[in-house]
Amino acid sequence: MLLAGLLPLFLMGAAFLLPGLSLVIKNSKFFRVYSLAVCTVGFFMALAVALETSRGRVVTYWFGGFRPPLGIVYTIDSLSSSLALLSMFILTMSTLYSTWMVRSRSEYLYYTFMLSLGAGSVGCLYTGDIFNFFVMLEVLSLSAYVLVSFYRDNPKAIEASIRYAIVGIVATSLYLLAAFIVYGSYGTLNMADIAMKSRHPDAVVAYSGKIFGDIAFSTAIAIALSAWTFTFKAAIFPNHFWLPDANPEAPTPVSALFVAVIDLVGAYGVMRFLHTLFGAGSVIEALRHDILLLLHVLGAVSALVGALLLLVQTDIKKFIAYSTISHMGLAFMAITTGTERGVSAAVLQLISNSLSEALLFYAAGIAIVAAGRSLDSLGVLRRNKLASTAFIVGLLNLFGIVPLLVGFWSKLFIFMAVLEVGYLASAVVLVVSTGISGIGYVRLMNYLARSTPKTREDSRLRSYWVPNVVIAITTLALVILGVAVIAVPEVSKAIADAGRAAVDYVSYVRAVIGV
Amino acid sequence: MGRVFSYLAVFSMIYSFYVVFTGATSAFSLVLGVIASAVASVVVKPVLISRDLKVSDAIRLFYLVAYYFYYMLVAEVKAHIGIARIVLSRKIKISPAIVEVPYYVGTSYGMTLIAGSITNTPGTVVVQVDTKRKVFFVHWLTATTYEPVKAREEISAEFERYAQKIFG
Amino acid sequence: MGRVSGMSDLVITLYTIVVLSLVVNIGISLYGVFTRPSLVKKFICLTIFSDTLNSFAIAIGFRRVSDTYPSIAVLSSVPEELSELATFAETAVDPVPQALVLTAIVIGLAVYMFLVGLIVMYYRHYKTTHVRVVEGGSVG
Amino acid sequence: MNLREAVIAVSIALMIALLAYTIGAGGLGPIAPSRLRDLAVSYLINTYNPWNITKSALSLEAVTAIVWDYRGLDTFFETSVLFVSIVGVALVFRGYREKLGLGGKGLSEIVKTSTKVLTPLILIAGISIAIHGHLTPGGGFQGGSFIAVLLVLMSVVFSLDFVIGSGLTSSKLLMLRSIGLVGVLSTSVALVVLGIVLGTHAYIFQNIAREGSPLSMPTWLLDRPTGGTLLFFNLFEALAVAAGLSLAFLVLSLRESEVEEALGESEWYE
Amino acid sequence: MEVVPISIAAIAALLSVVATYLAVRSRDMLAAVVFSAVQSTAYALIYYVLMAPDIVLVYIPVSVGILPAVAVLLIKKTERYES
Amino acid sequence: MIDLVLVVAGLVLISIGVFYDFVGAIGLLRLPNFYTRLHAATAGAIGGAVVPMIGTALVALGADYLGPPRFFLAGAAFASSILLMVLAQAGSHAIARAAYISGEAPREPILHDALKDRGGE
Amino acid sequence: MVIEALVTSVLTVLIPIYVVSFLLYVVRVVKGPTIPDRVLAIDSLGYDLAAFMVVLSILLKSPLMVVSGLALALWVYAFDIYIAKYLEAKEMGE
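Chains as they are written, first to last, in the numbering used here: chain A, 1480 to 1994; chain B, 7 to 174; chain C, 16 to 155; chain D, -10 to 259; chain E, 6 to 88; chain F, 9 to 129; chain G, 69 to 162.
Hints are computed from structural coordinates only; laboratory data are not their basis. These numbers come from a predicted model, not from an experiment. We put the CB at the ideal spot given by N, CA and C, even for glycine. Worth double-checking, as some hints may not be accurate.
A few chain D residues that don't get close to chain E, going by computed Cβ distances all over 12 Å [said to hold, decoys possible]: (1) P39; (2) G93; (3) P126; (4) S134; (5) A137; (6) M164; (7) L165; (8) V171; (9) V178; (10) G184; (11) V186; (12) A198; (13) A237.
Output of the computed footprint for chain E on chain G, the stretches with three or more beta carbons under 8 Å from beta carbons of chain E [as the list claims (entries may be wrong)]: (14) 69 to 75; (15) 135 to 146.
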């Protein structure tokens, strides 16, 4: 399918053109319209791909026309396509929001990185090759480091970016080491090939032949190394520290993107590696179980830590960042149950989390422009009915007690998934962390209702229609999804399909290698 | 004419280096090399040559470079034997000094040629050059004299004779 | 192999020394990244770290050939018949890690270039290259 | 050594011990194996294989064939990473103004003249490595980095003033880099576009005719194979890398007086 | 026959460990750059002996040509000694 | 026959190169300060690198068991030796000058210093 | 065949001396005591290693690898120049 192969290339190529165009065109309006158009086209391409992969089909695209183990192949199942659709949606929304929010002498640079961030994220999700995954991870991470340091006159932004970059480089390098080790022992880089050989060590695949070393040892260390990387990307407990540092210092539209683009890739990596590649039935079944349990515990810890630290924040963006950590922890708990149902719950949790965090950032952005980042400034939102309503909807969704919203269903599914495998303690953790973070959310609503901030003059405050459109679309998406998860069987089936796609390695392998 | 010839000179220098470097025997390399060298010569000519060359320069140059290398070879061999003797002897006997060595060539290429020759013969290294007063400051491992003129006789007189003729 | 086994053992020992030294280098440089306070030192250690990973990959791709030394993964002339290709495949080293490392080196270079820009900017703000320990940050 | 350092040291030691154990236990196959991985054999057999042209890159150099043909997508995005990094440096330093006449004495006259003599030689060596990328070791990135280091060398030896004064301003380098990148991009989709025009099927990054997509790049130039797209990729990549790396270095080595004005005008809006 | 090149690689690898250690230890950043250049050279030799000329050609410009230039620039712009 | 002559001549040059390499290394260790070591380094660069490169070029021309790429080897080795002649002197001079100007390296022992009262400039 | 045997045996004898001198160079790099000393040692080491690579390409029978020698020589020179510039100038772009 040409469209799938073209999407990351298209985004990246559009980014290539921007600095060149900037030498000719000086009007910053052009760049806003240009990148918005590119993102929208990209979103519809992702939508087309997602429709193509519905009903459990796996779409492949061979680059250069080489058969999979020989060349790079994009392997897109409903898991990757739905997450990519989510990524592109938030990217488009953030780009639209940026046209209102971001003011700089060199805006074209900003949009260049937005586009490359999108390319990196979609590339990570679509690819069926572990080394290509590394390359796309670097595109993604580097764009993220750059965007965090966008306000370079702010010392804290530079500092946060440096911290994030140094540990990020180590993390991606460790993933690279894992990829080298996998090549060394499996003799291939293709994900489907690896998924097949980890289950059937004797398999002989065209062009890549047989495995080379003792895969039990090498798989263990490869999983350990890559899991470290993915917990870093997903901001899970011992590696969560970068998110509350980096996220608040980025421009607000970018902060809104972090969950949907970077944390998402981390979670996706765990799903792919621990379920599809080295999943159930592979040579290191027992060890995999232990690693899953470890990650489960880490997820639970970060759910609690995020919820607890959220209570003491005085900065809106930090508050939302810690809430992200807590919710990513919940998603990890669901992923690491090891069941189909758990993964679908995690997918739903990712969708709900991305949408509502983005919504909170979009709404809070207005307050930040008007009065700064302290929690007091939330009072500004009372003047804008749409934004304040949306803010409350986002909070309720994160809290997860209103059955009309998707957050409720995602938490419920996670609850059921952990109970299904008998992790009672995890269920308790889920409830407790929801309760603790709930206190924080109520506190936030209190600020929204009472605080009277000192506002400042800003040219952007004259017109609100752009952020209002963004907020309205995102809120609608949240509500519609929440209703549709229960009311529309197609949607709930799609979510279940996404979970099945991660666990069902057979159709993944069959689509690529054809056995 | 002079302009074209300058370009041609640069081009032939680049192209001959290219042919030697690639050991080119195939038409592919030779033809692409012509294109590449043409591009490169257009790019670097302003950096490389400030005054236009004349055809007569080229022929003279060839002989002189040959002579120069002949002398260089002799000096190198002498100096290498000298340094080996110093280094491998049981007790190192040296008399290091920085001496002034005047030079008389006008162009920077000539000056660099002399300085390069001095540095490339072990035992003498140019530490600093004063282009206004036209003096090298040479670190001399086995200095026998501190007098500028005498030092020039011992270190660079021969090099300079050829350099004078090559780069005037 | 048709060789004295002592010789073969020696080669394996030497080769193990290469790989183990690389592994030790990974450790040393990673330690440097996490413990030295100066950002410049962190930068230098990071470059060493990623270089070492790449060398490790190249070491994975090496092979041995009976009677002779392996050749590079480049055909020296246009092959006339299919058997030449078979001979080539029997003597050449693994080209895949080399291609991957090529990519990885360039990516590393790109990331480090940007990191240098950030560090210069950091110095402009704080007038020091030391990482300050603020609010529980443990990048250190 | 405080507690934190000790913890770090222990965990790193644990990691490398595990790694060493994995290698020692044969996790990566035998140490110094005498047989290759089968995938590598497939690449070696197919890199220049006129008897099985649908699997071949028709390049004598297996590494370049893998880099630009079999795994061309990786390399494309690798170039993108470089692009992102270079534009990122420009972003962090944004608002700078290149100034002439800040003075610059550079190094001594001898070094200057020697570097002057070296300039054409390094340049042609870089170009030669790039255009022979599919025949001998080397390729676009190698050649490009030769040329880039040449520019770095010149800005160190002659001073930045000289480099900017001779016309290599950052906007010109950016333009060159964009040309190179657009060249890479259009080479990678050239056959797709041609396929759409001619009504046949072609893949992105297609080089030689494959099963079901008969289009092919020219494979011979005079008496040597060109590797199809590889020659173009190498040339454009050399241009892009040379311009990009020198741009990044140029921006990084700007003198403080050129940047401090830009820093003064705060454009920090949160 | 193959003992000779492999022993060269082994010696280079041991040298690189020494150079890395010194680079990590030294308080003078310029000396650290110099040591890391030694380490890079040793790695280049390893690549060469392990038959990877492509990597040598890309590694040397990057790691002896560009990164030290950038590192020296960085030290010049910031500070030389770790306090 | 001519092959053998070329190869033997080349091998002799390579051996000379190895010898000067060794001399350079010993000199670098034994000589007392930076400026004196410069001379040993020059011997190492010219005698130890340029000479064996030319030697290798000769050997390559003679060794026809290497096949057609031997011309590439010979040409590249020769080109490298030419470049090295330019590089080595410029590098030595640059580092010597920098060391003198910055005063980084001690100048003792030295018998006469014509540059002293000029501060290196 | 005679030539091959001759070349191989002579080079095999010469290589240990090369390696010993490299080790001696590295001793100078480690000992210092000053930065110029170290750079000088790296300089010589780089040039000799370049020559060594050229020689080794004959021994390993891979003539195409010879370019690496040139690359090493060139960029070791560049390294020299960077350090020299550091020691001399106030800013690198000066």
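If you count the residues of the stretch 69 to 75 of chain G with a beta-carbon closer than 8 Å to a beta-carbon of chain E, do you get 3 or more?
It is violated, with 0 qualifying residues against the three required.
Non-interface claim for D/P39: all C-beta distances to chain E beyond 12 Å?
holds (23 Å)
Far enough from chain E: is every CB of that chain over 12 Å from the CB of D/A237?
Given a closest Cβ separation of 8 Å, the condition is violated.
Verify this label for me: D/P126 is non-interface relative to chain E, using a Cβ-Cβ cutoff of 12 Å.
Given that some Cβ of chain E is not farther than 12 Å from that of D/P126, nearest at about 4 Å, it is violated.
Reported absence of D/V178 from the contact zone with chain E (all CB gaps over 12 Å):
holds (26 Å)
Just double-check D/A198 for me: nearest Cβ-Cβ distance to chain E has to come out over 12 Å.
holds (27 Å)
Looking at D/M164 again, its CB stays over 12 Å from all of chain E?
D/M164 is indeed farther than 12 Å from all Cβ atoms of chain E, at 22 Å.
Is it the case that D/L165 keeps its Cβ farther than 12 Å from each residue Cβ in chain E?
holds (18 Å)
Assertion that D/V186 lies farther than 12 Å from chain E (Cβ):
holds (36 Å)
Classify the label on D/G93 as holds or violated, using whether its beta-carbon is more than 12 Å from each beta-carbon of chain E.
holds (14 Å)
Non-interface claim for D/V171: all C-beta distances to chain E beyond 12 Å?
At roughly 23 Å from the nearest Cβ of chain E, D/V171 sits farther out than 12 Å, so the non-interface label holds.
Going by Cβ atoms, does D/S134 stay more than 12 Å from chain E at every point?
About 4 Å separates D/S134 from the closest Cβ of chain E, which leaves it inside 12 Å; violated.
Consistency note: the structure conflicts with the earlier hints numbered 3, 4, 5, 13, 14.
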